[in-house]
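**Q** Take a look at the letters that make up each chain.
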Amino acid sequence: MKHLDEYRDGGLARGLAARIHSEAKPGRAYAFMEFCGGHTHAVSRYGVQDILPENIRLIHGPGCPVCVLPIGRIDQAIELAKNPEITLCVYGDLMRVPGSNGASLTKAKAGGADIRMIYSTLDAISVAEREPQREIVFFAIGFETTTPPTAMAIRLAQKKRLRNFSVFCNHVLTPAAMRQILETSDPQSLPLDGFIGPAHVSTIIGTAPYDAFAGEFRKPIVIAGFEPLDVVQAILMLVRQVNDGRAEAENEYIRAVTPDGNRIAQAEIADIFELRESFEWRGLGEIPKSALRLREAYRDYDAERRFSMERRVARDNPACECGAILRGVKQPRDCKLFGTACTPETPMGACMVSSEGSCAAYWAYGRFRASQRRAAE
Amino acid sequence: MCLAIPARVVELLPDDMARVSIDGVVQTASLAFVEGVGIGDYIVLHVGYALARIDEEEAQRTLKLLQEAAMFGAPA
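Chains R and F, in that order, give the protein sequences. Per the numbering used here, the very first residue in the first sequence carries number 1; after that it's consecutive. Per the numbering used here, the very first residue in the second sequence carries number 1; after that it's consecutive.
Simulated from the structure, these hints should not be mistaken for laboratory data. For glycine and all other residues, C-beta sits at the position ideal for the given N, C-alpha and C. Watch out, some of these pointers could steer you wrong.
[Stated by the list, open to error] Derived CB-CB ranges, DEER-like:
no., chain 1, residue 1, chain 2, residue 2, range
1, R, 270, F, 60, 31 to 39 Å
2, R, 267, F, 19, 45 to 53 Å
3, F, 63, R, 111, 48 to 56 Å
[As the list claims (entries may be wrong)] With a straight-line Cα cutoff of 30 Å, these simulated BS3-like cross-link-like pairs (lysine-lysine) come out:
no., chain 1, residue 1, chain 2, residue 2
4, R, 109, R, 82
5, R, 107, R, 336
6, F, 64, R, 336
7, R, 82, R, 107
8, R, 25, F, 64
[To be verified] Sample of chain F residues with no beta-carbon within 12 Å of chain R, all distances over it, derived:
no., residue
9, 11
10, 12
11, 39
12, 70
Assemble the whole structure, with the sequences as input and the hints as a guide.
**A** See below:
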């Protein structure tokens, strides 16, 4: 496939790695956080860490929307789905995320709730058109990448005068989470020399929002695509910034990301959504101005206003280390549940459910490497 | 969740929709968020929507940079 295969070339990857080996200074350690689950997945799947010098460490960040959604919101969605008038439309990733007391959307569906997996918000609109007697609620989650499709669904519902469509909005914002990590992380437990910045989030928001971070926190950021060569090239660019003492927002993913981002999508989002005062993130806690809700003018499309929904506070399994893993201070193998009680078949925490989650990536690719290393020692 | 893939536009449809090909698999997608996309262009496809047009020149420039860096780094 054009625009994919070129960025998976092993020979080029080895050449780039050799270049990184020659430019990274042996006397210092480099720690870079890849913010996105998409990058974590590429790093694990293609063995990017293995071709890097030992003094370059990649830290997995919280950029997996399924992973950072607090259990209380899953519980609320399950409650909604149990309402016999409601059909809940969800992206497939959410189906198996554990809620409180072992509940999940999959189990609720097995118990008779009308829950439908959809590929696109366009499918949810089709369901609402086809079944006017049902209340169709779309369980919206995701970062800036996934927000425009939700906005478009609301716009279409408005144009088509659909009275039976609403959105349970859980959209969150990337810059707010990056800021939280930078402001609250302890340099002792989480040394950070720079970020591999989001790929598809940046197609929407552009590169401009990152300029402020790079300057304010003196941390280099390189926006990179999700293919392995994109990641390796971004690491080379970060090493160069660190070596030069620069802290800039640079863009490796120029084929899809512009400084201004997608203005049409931005305008649509700004018209329909507004900032929440605060929103809870799993692992990161309450973060001010880090999530979106529907504006008053769109209240008819807001499931939280349309149905009585109690705010729920739910606790994670105390042995689950998802929180620390999402903050980058622990690795999946530091968790007692990893690979024993918690596997993709029976996930205890969200990081094992989503294929972008660090634990799922380790389970699928990394654990073999770790066991080989142990055997060699 | 943020995963998106390149897709080639093969047919323009009414209402900002299009048929796009992902390595030969054709599906419909919305072009409502991108401007000036024509047949043969590649887009970044995410849950049925084009989020961006892939810029061919910038893609070539990126590949050239990758090749240069890789060449220079290759052991002699």
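**Q** Take the hints in turn and mark each one as holding or not.
**A** Okay, the hints, checked on the actual structure:
The given range of 31 to 39 Å is respected by residue 270/R and residue 60/F, whose C-beta atoms sit roughly 34 Å from each other. Range check, residue 267/R to residue 19/F: Cβ separation about 26 Å, and the 45 to 53 Å hint is violated. Under the hint 48 to 56 Å, the C-beta atoms of residue 63/F and residue 111/R, about 52 Å apart, fit the expected range. Straight-line distance between C-alpha atoms of residue 109/R and residue 82/R comes to about 9 Å, which keeps the hinted pair within the 30 Å bound.
Taking the CA atoms of residue 107/R and residue 336/R, the gap is about 25 Å. The hint holds against a cut of 30 Å. A C-alpha spacing of about 45 Å is found between residue 64/F and residue 336/R, which places the hinted pair above 30 Å, so the restraint is violated. With a C-alpha separation of about 11 Å, the suggested pairing of residue 82/R with residue 107/R holds against the 30 Å cut-off. With a C-alpha separation of about 25 Å, the suggested pairing of residue 25/R with residue 64/F holds against the 30 Å cut-off.
Against the 12 Å criterion, residue 11/F stays outside the reach of chain R, whose nearest CB is about 17 Å from its own CB. Interface exclusion of residue 12/F from chain R stands, the closest Cβ pair being 17 Å apart, more than 12 Å. The claim that residue 39/F is not at the interface with chain R holds, since no C-beta of that chain comes within 12 Å of its own (minimum 15 Å). Remark: the non-interface label on residue 70/F conflicts with the geometry, its nearest Cβ contact in chain R lying 3 Å away (cut-off 12 Å).
Violated hints, in rising order: 2, 6, 12; the structure is consistent with all others.
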